[in-house]
Structure formats: C-alpha cells, structure tokens
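Visitor: Spelled out from the first residue to the last, the chains are:
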Amino acid sequence: MTGADAILRCLEAEGVEVMFGIPGGAILPTYDAIAKGTTVRHVLARHEQGAGHMAQGYARASGRVGVALATSGPGATNLVTPIADAWMDSTPLVCITGQVRSHLIGTDAFQECDITGITIPIVKHSWLVQDVKEIPHVLKAAFHVARTGRCGPVLVDVPRDIQEAELEFHYPDKVDLPGWKPPTRGHSRQIKEAAKALAKAEKPVLYVGGGTLNADACPELRELAEVGRLPVITTLMGKGAFPETHELFFGWPGMHGPKWSNWAMNKCDLLVAVGARFDDRVTGKLSAFAAGAQVIHLDIDSAEISKLRHADIPVVGPLKLVLADLARDMREHRVEGRTEPWLHQIAEWRDQFPLKYRKDGELLKPQTVLEALQSLTAGRDDVIWTTGVGQHQMWAMQYLLCDEPRTFITSGGLGTMGYGVPAAVGAKAARPDATVICVDGDGCFQMTQQELATSVLEGLPIVVVIVNNGYLGMVRQWQDMFFEERFSQIHLTHQVPDYAGLAVAYGAAGFTVETEDELEGALAEALSCGRTAVVDCRVDPREHCFPMIPAGAAALDVVEFPDEETVESR
Amino acid sequence: MIHTVSVLVENKPGALMRISSMFARRGYNIESLAVGPTERHDVSRIVLRVDCSQHSLEQIEKQMHKLVNVLRVSELEPDSSLERELALIKVTAPPDKRTELIALAEVFKARVVDLGPDALVFEIVGPPEELEAFEELVRPHGIKELARTGRIGLQRASAGLTPRRQHVLS
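As given, the protein sequences belong to chains B and Y, one line each in that order. So in this note's numbering, the last spot in the first sequence is 1360, and the numbers never skip. So in this note's numbering, the last spot in the second sequence is 237, and the numbers never skip.
Honestly, the hints are just simulated from the structure, not real lab data. Do not rely on the hints blindly, as some may be mistaken.
[Unchecked claim] In the SDA-like style, the derived pairs of lysine to any residue whose C-alpha atoms are separated by at most 20 angstroms in a straight line are:
#1 Lys133(Y) with Gly1311(B)
#2 Lys129(Y) with Arg165(Y)
#3 Lys133(Y) with Ile910(B)
#4 Lys971(B) with Glu1016(B)
#5 Lys1097(B) with Val179(Y)
#6 Lys1097(B) with Ala91(Y)
#7 Lys1097(B) with Val102(Y)
#8 Lys79(Y) with Leu1292(B)
[To be verified] Just some of the chain B residues that point at chain Y, by a computed CB distance under 8 angstroms:
#9 Leu834
#10 Thr906
#11 Val965
#12 Leu967
#13 Trp970
#14 Ser1092
#15 Ala1093
#16 Arg1099
#17 Arg1121
#18 Gly1249
#19 Gln1285
#20 Pro1287
#21 Ala1290
Since this is a predicted model, take the numbers as computed values, not measurements. Idealized CB from N, CA, C, for every residue including glycine.
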C-alpha cells in the first residue's frame, strides 16, 4: 500500500473516530486515500485553525487524542495557533501535515515551510518522515507521546512523495522511544508525607487544575476531598473536575475569581496543587501568593514542581493513582471534624462577598445572559460549554455550574480568541448526544465564525450565544481602568455584522436579543431547535467583569464590584 | 554559577535544535556547547555550559528530560569529572620572538601545528583553565585568530561509585 493508505490504517488502528482538516496540494495523496475509504470520519473545516481547535474540542470533550490534518505551507502555519493552544493547555493532539516532495525541501518550493522547525517550542515532539517505512512507527509513537505523561500536541510532517511511496504495512505493537519515560507511579513515601501533612492541616485547600481532567482522576479527587473534608477550588482549566454544586466546592481562583475563593487560597495553611501550575492569572503577585501556606504539589510533570512556587512535598506521578493512594493514606491519619471551622469560614466569606452586578438602565446585562443560561440548563448532565476568551469567558466561569468532567472547554493558557465555535463543533463530534453551547464574545466570534458552515453542513449542531457588547470588552475594561479611559481601537459595534442574519446566511437559526424579556424565550428556542443556532445577545458595553485582581497585585487584594446597590446573584 | 551539563541524546535530526530551542525559550543562555559521537553510533553526547542558579539548573534538567530524544541528563561536577577543550591559536611571531613563544608552549604542552613568516599556530588540549592561562600568556605577543571547541567532559572512572545528587523527587 502507499504511505497515504498507511497513514489511514494507522489512524484506524489507533481507534481514531474523527479527524478534522482541509486538503491541499501536499496532502492530496492522503485525501485520495480518504476518498478510497476509511472508517475514520473526516470533518471538513473552513480554516485550518478551525480544524485544529475542533480537534482540541474533540480531545477535551472525549478524553481521546484529537487529530487534525492540513497541507504544507499556509495550511500548516494555520495550525500553529491550535498547536500552541494545545501546548499551553496540555491537550493531546496529533497534527498531520503534508510537506513538499523530499527533493524540494530546502529549495523554497511552492507552499513549502519548515513546520517542524516553526513548531519546535510548542510541541512535545515532531517528526519529519523521511522514509515511507517509518510511517507506522512514527504514528504509533505520535499517539503515544501525545497522550502519555503530560498530554500535549505532536506534529507529523509527511512529504508528498513519501505519501505516494509503497510500503509493506505492519502496525507495531510497541513504541520504541528510549528517551520517553513518563512516571508511572507516585513515590509512596512522599504520598504518606502528604497525607500526614493534610491530616495535620487546619486550613487546607485543594487547588485543582486541568491536569486532574487529563488524568481522568475526578472520582479519586472527589474521594480525597470527601474523606478529608477538604475544600476544593478549581482553576479555569480544572472547571468541572469537581461537582460545582457539591458542598465542598468553593469556586475558582485568580484574576476574576470570587473573593471567597481567593481568600481561601491565600489564607490557607496547606495548599495542595493537583495538576495545576501556579499560573500568574491564578497567583497574582507570586511572592504574596498563599504566603503562609505549606505546599503539596501533585503533578505528572516533574518540571512543574517548584517551577514557580517551592513545593514542600512534591509527588510526581499519574494523578489517578496518586490521588487514590493519598485518599487511602488520608483515612489513616485524618482527624474527624478538624476542617469544619475552616469550611464554615469560607462559606461565611461566600455569603459575605457574593458575586454581584447591578441591573440599571435599559440595556441587558451580560451576567443576566449567563444566569439565564445556567437556569435553563441546571441539573442537566448532557450540556457541554465552550467559550472564547475575554469578559464573557470569565462570566461563564463564574455563573455556569459544571458538575461533570469535560463539560467546560476553554482556552486558558494561550487565551486564544476564536477558540469557542470550532471547539464546540469538535466537542459535538465527540459527544453527539450532548447539547453543546458556545458562550462567545462578539470579537471572538468574528475570528472563527466561518466554522458555522462546518457545524451546519457536517450535521454537528451547536448553539452559539454571543455576549455582544459591541466592543473588545476585556480590552475596553483595561483601557477604562488602567489607561485613563483612553479607548483605543476596540469598537466593533453591536450591529455589524447582523449576527442573526449571518447565522441565517450560513443555514443556521438566528436570534437577536435586546432586552431581558426576550432573553429566555430566545435561548430556550435556540436550545430546543435541534440545529445550529446563534443567539445575538446585545448587552451593556460599559459592564466590567468583577471581582478582579489588578495585574501585579496580590490575590488577597481582589477588587469587588464597586457599588453597594447591586443585585446579588447566587 | 556556571554548570557543565552532559546530555546523551538519540542521534536523530533536530535533536540539538530541540535542546537549544528549549534553552532559548526558557531564557537561559548557553555559554559553550560541544556535540560529538559516543561509544554508541545511535547516541550523541552534548556537553554544554550554562550560567544559572541551582534552581534554574534543576528546571533545565527537568525540561530536558521531557524532550523525547533526550536519554540522560547529568551535571558534571568539577571534583568528580574530567573536562577537556582544544584551542587553535594563531599568534604573531616574527622570527626573533619564535624561540620565546615555543618555550612558552612547551610548558603548556602546546604544539606548533603551523608556521608562517610572521605567525605560528598553536594547538593546545587540556582543561579549559589551562587553555585560558596559555591564551593570556601569548596574548601580549598578539593573537591574530583563535578557535576553541567548547569543552567536552566525562565523569571520572573513579567517581562512578558515589550516587549522584538527586534533583527529581519522584
């Protein structure tokens, strides 16, 4: 068979169900092999960035490796943003790109670019296939590297002549990667130490990141929290790793986290980081972060240990096993009732400093949109949220409650505007039974809106709720607060484009909401219409996202909504 | 503080680039780097020098361990390892200065590998400090050109018995 056939047989052998991509010159042989037949469904995106984010959304919703295909040159460079995003958020991704023929490499041939070189800083590993016989080994290794250890993206670049060359196909059973040895178990003595420290702590906090989801360790996390009666705070990436309606759940840390969550994180005496990485958006001023706390750091990636914050008790290993062992050891040492005053204290802060906003004037408030979405979907376990990046994303974090793992899919580390729509399409491909809702901003939506076509034509219906404030809202907020209200190049307008009309042009349903009265009806109809829908919610552009830790400030100095006369929510 | 790190890597295309890119991306500056074959044809050894704190060194080691082509990373600590470097030094040497220069070279076991009408080229192999000392001594005569290999190193045969300081707590 040819190299192109071999690529598909490898994907089939890996159990890949869906791949996302766009054909082009250098990947033509592989697309020809797709035409000849494969069990892998191909979803045709409208932009390679869309294909990449779809593969990410698929991976995040399913827990499997996402696969994206693109041609050489611009096709490959358009994948760079999703690759960087997957790198920052540890999303397992295999990107397969076509490359110009081997003898043309290095000659500046048409649509040639050194994509393995370009992506070196943002992939776990990459391969430029130089012999057709390598294809099975390379793809086997690619999937293995993407999903073992700390998950992340890999890239396989295949020159066109290699796709056309013939080989005797045999898919290897084992990978041959002598330098790739991710940890398989946590150190049992370290885990015992951690359990002892946890049992002694009076004010412990579990600081849970996305690594917990990647490790499929959510049941073990819950076990640990319940055994030790430990308060759980999840990061943006960890959202959904612990049921958000659980009595031990206490919100989200960081720049736009509620005061009670930040106070708990920063006033605790023992901070247990679980698959989290002390990102600056979580810690605020690092030297002031959780200043009085001892730190236990559980992570699959030893390079995260003491990278930013010294870990007093580090445990490197797969979190599923580490958390299970920790919960077991914890049973021996725990002291009944020790954490109750602390839990009570955080709950008191929560009552004292609830999330707030003010309903004033004619204009719909963005928070009202999120509250409506939450009340329309409350108690459902078949809803998956995706978001773009900005104010709407932070409100989504604050107002949407996720009880199930892998139901909140967002771009955390890289902060990629435009992530939401294609990620939603990918999530829908992973979970056709689920209602997939993309909460987007108007700025974000316009970066990848073309993937509405993919959603409509591929039978992957999603609901896009645009929190449309007519501005690049988060930038507006910063210019307002930190640049003396000098608004610079942020006005997108509420009206152009007409989002509902645009949706209709794409064959989707379109709704425009301008008042609170119209809101629930439109959202309910969009959610029940069974096809792709866009709900344009035109909201107050002056609204800022609070609470907020100003950049560089200590997390304890979180700034709350600035007025007393507010409607308290939740 | 300057550390010497020895990295065994699979002899695969791009392996060196992945390592140097990691240094650049994480903001560490490589002071010297030497790559060469080892006793195994499929494995290369990279010896590099980096000026950083102990904490940064541990970070670097852990980041390097994550690279798929990297087989082993170890710090070469001065008291338990050997380090050598080679330099070629072209020194201004009019006929009346040659004898003095060659006498100097003998002290350092440097060899004259080329001789021209007004210059000669020394080859010197040794621990980097020796190379530096020699360089300083011939400098007043006028160094026209100089090339150094960057240092290579190995753990001493006698040092294999003591366990290496552990960085990774796993």
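Visitor: Could you work out which earlier hints the structure fails to respect and list their numbers in ascending sequence?
Guide: Of the numbered hints given earlier, those the structure breaks are 1, 2, 4, 5, 7, 8, 9, 11, 16, 17, 18, 19, 20, 21, listed in rising order.
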